[in-house]
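**Student:** Sequence:
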Amino acid sequence: MTVAETPYNADAETICLLTNQDLQLNTIVSPAEGVTFPDITWTSSDESVVKVSETGKLSAVKVGTSIVRVTPAIGFGPAAATPSITVRVLNQYVYMNNVSITGAPEPTDSIDVGTTLELGAAFTTESGEPATFIRYKWTSSNPQVAAIDENGVVTGIGQG
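Residue numbers for the sequence shown follow the working numbering, beginning at 1 and rising by one.
Among these hints, one or two may not hold up.
Here are the simulated DSBU-like pairs of lysine-lysine, each with C-alpha atoms no more than 30 Å apart in a straight line [what the hints assert, rightly or not]:
hint, residue 1, residue 2
1, K62, K51
2, K57, K137
3, K137, K62
These are computed hints drawn from the structure, not numbers from a lab.
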């Protein structure tokens, strides 16, 4: 079981909300065939920052960070039994305007077949301040030549 992605996810593990904002969370059960969890419990590590209802509705109270967990009445082991997501509550979103790619060698136009390269990214505003609301996804314009995973690891696949 996992917590379903929302429009407010900054990444796979973090949701950014503004103070006084509400958001309904949902779960995803895998494999989904015939599996239901009628009895689950939602909890917040800091209810003074984020309150969570018994149905998974978040209410952002004040600026800060809290970890929201969902636990089925019948667990499947420690990791699967308590999926969680970090919730950051902000006064305002500071959107990214500039992206800098890090970890790429010079020149950046080649990678050998079978080798990997880990890229990173820095996100800033127009004024150069760090962005607080960051959403991005690594993709390759030609995955038959170079593939990239969700963590920014590039793998040389073929000539091109």
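**Student:** Holds or violated: K62 and K51, Cα atoms, limit 30 Å.
**Tutor:** Within the cut-off at roughly 10 Å; holds.
**Student:** Could you grab the alpha-carbon distance between K137 and K62 and see if it respects the 30 Å cut-off?
**Tutor:** Cα-Cα ~29 Å, so holds.
**Student:** For K57 and K137, compute the direct alpha-carbon distance and say whether it is at most 30 Å.
**Tutor:** Given that 30 Å is the threshold and the Cα spacing comes to 26 Å, the pair holds.
In this structure, every one of the numbered hints holds.
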